[in-house]
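Protein sequences, first through last, are from chains A and B.
Once you know that position 62 of the first sequence is 62 in our numbering, the rest is easy, because the numbers rise by one and skip nothing.
All you need for our numbering is the position in the second sequence, starting with 1, plus 471.
None of these hints come from the bench; they were simulated from the model.
All values reported here derive from a predicted model rather than from experimental measurement.
Some clues are possibly wrong.
[As the list claims (entries may be wrong)] With the Cβ distance kept under 8 Å, some of the chain A side facing chain B (calculated, not the full set):
| no. | residue |
| --- | --- |
| 1 | Val77 |
| 2 | Ala180 |
| 3 | Ala187 |
| 4 | Thr233 |
| 5 | Val362 |
| 6 | Thr365 |
[Claimed, not checked] Cβ-Cβ distance ranges computed for the label pairs, FRET-style:
| no. | chain 1 | residue 1 | chain 2 | residue 2 | range |
| --- | --- | --- | --- | --- | --- |
| 7 | B | Met527 | A | Asp384 | 39 to 49 Å |
| 8 | A | Leu242 | B | Leu542 | 53 to 63 Å |
| 9 | A | Arg183 | B | Met527 | 52 to 62 Å |
[Unchecked claim] Computed footprint of chain B on chain A; a stretch qualifies when at least three of its residues, placed anywhere within it, have a C-beta under 8 Å from a C-beta of chain B:
| no. | stretch |
| --- | --- |
| 10 | 20-30 |
| 11 | 192-204 |
| 12 | 278-292 |
| 13 | 296-306 |
Built from N, CA and C at the ideal position, the CB exists for glycine as well.
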Amino acid sequence: MATAWQSKFRLPHTGRVTAELLVLLIVIATALAFDFTNGFHDTANAMATSIATGALKPRVAVGLSAVLNLIGAFLSVEVAATVAKGIVQLDAVSGQDLLLIVFAGLVGGILWNVATWLFGLPSSSSHALFGGLIGTTIAALGWNGVIWSDGSSGVLGKIMLPALLAPVVAALVASIGTWAVYRITAAADPGIRRKGFRIGQIGSASLVSLAHGTNDAQKTMGVIFLALVAHGTVTKDDELPLWVMASCAVAIALGTYLGGWRIIRTLGKGLVDIDSPQGLAAETSSAAIILSSAHFGLPLSTTQTATGSILGSGIGKGAEVRWSVMGRMAVAWLLTLPMAGLVGATCWALAHGIGGLPGVLVVFTLLVGLCGFMWLRSRRDRVDTTNVNVWPGDAAPAGTSPAGTSPNGEVTIASAPAGAAEADATAAQARPAVSAATAFESVTAQAGAASRPEPPEADSAPSLPTRRARP
Amino acid sequence: MQTLIDALSSLWHVLVAALILGAGLPAVFALGVRLLSSADTVDDEGGVARRNHVVMAGAYACFGLIVAAVLTGILYTAKAFLAARLGIHLFGE
């Protein structure tokens with residue numbers, strides 16, 4: 001009797017286990033992919049100023065940052081079924097339902113990260129992850145699944161307020177620091193000043209990289225741990241498996257080493273023109289704020305702190321700040337949470353509607369396809385080590401004004417085929433100009449690497465069509 | 472409302488600490504650079520004619536302070552790791 005029962009149920013049971021395991025593996029792969037995007041998205045926070053001032057060669061800078069991220073990731077110990085704790089209530093669900101929520105949230109985070117990278121905008125990777133999770137939680141569990149405001153936790157206390165405060169505090173501190181540095185060293189020998197500050201910059205940038213690895217890799221470890229708990233591989237009280245830690249550390253380090261050159265260019269060259277003393281002041285301000293805010297229980301986002309610091313270093317020097325670029329960034333920050341949430345919720349609805357493994361596979365294929373599409377789009381106006389320090393002129397942001405960023409982002413995500421067709425037509429016309437501009441830019445970058453010339457604005461005008469090619 | 476009050480009281484601490492460390496350390500570093508560049512009196516051939524050792528010592532004291540601050544920052548980042556894996560408890564935890 002028992003054998004008959006077993007033989008009757010073993011096959012479907014085994015089949016279900018395999019499908020569940022496959023879903024788990026896809027979720028883990030997606031989490032590592034998010035970690036990877038987190039790496040290249042945030043390289044700029046630590047290294048943009050060092051690359052812009054020439055304190056470090058671009059490859060050396062991202063290599064150093066990658067190594068420090070790798071070490072930093074191994075330093076994080078807080079395990080970690082507590083990811084997004086105080087923001088979403090995932091206790092109500094378990095098993096496959098929980099896996100699906102986490103998966104769709106990750107997809108939302110990745111797509112928003114890649115989209116903002118395509119536009120060269122430094123948005124917060126943590127916000128993208130939380131936004132994705134919040135969106136899928138609302139879709140799956142309703143509004144009550146999200147803790148909107150509850151003392152110092154909740155979306156208001158943990159995300160909204162820090163996001164508003166970080167850039168202001170950072171800009172204030174960095175502007176005072178920059179002002180002091182320039183005042184004190186006004187009479188110093190320029191050669192000694194430049195050399196000294198370049199060395200100092202490397203130290204402060206390294207500290208930011210280390211803190212980044214510790215904080216951000218931990219979030220992905222938490223997500224994978226949550227997935228493992230949902231699948232039943234580990235229990236909540238188990239220790240974090242070493243392979244989870246190692247794979248997350250490697251993923252974020254590889255992402256960092258890839259270098260998000262588009263974002264590095266925006267932060268290093270787009271916002272303000274940075275000199276070594278400003279770079280040191282900005283990085284020190286970032287490091288001090290990231291470390292002290294975590295200590296006082298008001299963790300401020302790395303991205304917004306770094307951006308605010310760089311902005312402040314421009315204000316403190318009395319240099320020109322490109323407020324249009326800052327405006328685009330601010331719009332991206334405002335959109336990060338809702339957009340990642342919207343994409344996450346859509347993916348959840350799609351996967352849930354189809355159901356089971358096929359649903360997850362469809363969304364995963366969609367993710368790979370959209371990321372591939374955005375990567376191909378990025379090849380049209382490449383930004384790499386050769387032209388990372390050349391900002392394509394003040395006129396460029398006019399084509400992608402704050403108002404235009406939102407529809408563009410949506411087009412890229414929601415209706416890729418239509419956007420692709422239009423873009424193809426525009427790009428075909430613009431192509432000769434593109435190659436000319438690219439050649440020009442790389443030549444300028446190489447010839448002037450030592451003297452760091454101002455980007456000749458009138459001459460780089462041919463690169464405009466590529467930046468404006470988007471519908 | 473409570474959220475706002477909590478955040479603002481934390482913010483006050485963050486702001487003070489960030490101003491001391493984030494703006495103060497660059498100022499100390501700048502002072503070091505300034506002292507370093509005024510320690511040597513350079514003659515016409517570009518060689519060092521006279522070195523003011525007191526000023527030089529001041530410059531190195533500034534840089535020493537910076538190095539100490541960076542090391543503290545690294546230890547602070549690693550404090551949870553040190554406490555959990557090696558049993559070394561820093562920063563009062």
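For each hint, the structure was consulted:
{"no.": "1", "hint": "Val77", "result": "4 Å, holds"}
{"no.": "2", "hint": "Ala180", "result": "4 Å, holds"}
{"no.": "3", "hint": "Ala187", "result": "7 Å, holds"}
{"no.": "4", "hint": "Thr233", "result": "23 Å, violated"}
{"no.": "5", "hint": "Val362", "result": "39 Å, violated"}
{"no.": "6", "hint": "Thr365", "result": "39 Å, violated"}
{"no.": "7", "hint": "B:Met527 to A:Asp384: 39 to 49 Å", "result": "43 Å, holds"}
{"no.": "8", "hint": "A:Leu242 to B:Leu542: 53 to 63 Å", "result": "28 Å, violated"}
{"no.": "9", "hint": "A:Arg183 to B:Met527: 52 to 62 Å", "result": "22 Å, violated"}
{"no.": "10", "hint": "20-30", "result": "violated (count 0)"}
{"no.": "11", "hint": "192-204", "result": "holds (count 7)"}
{"no.": "12", "hint": "278-292", "result": "holds (count 10)"}
{"no.": "13", "hint": "296-306", "result": "holds (count 4)"}
Of the numbered hints given earlier, the model fails hints 4, 5, 6, 8, 9 and 10; all others are met.
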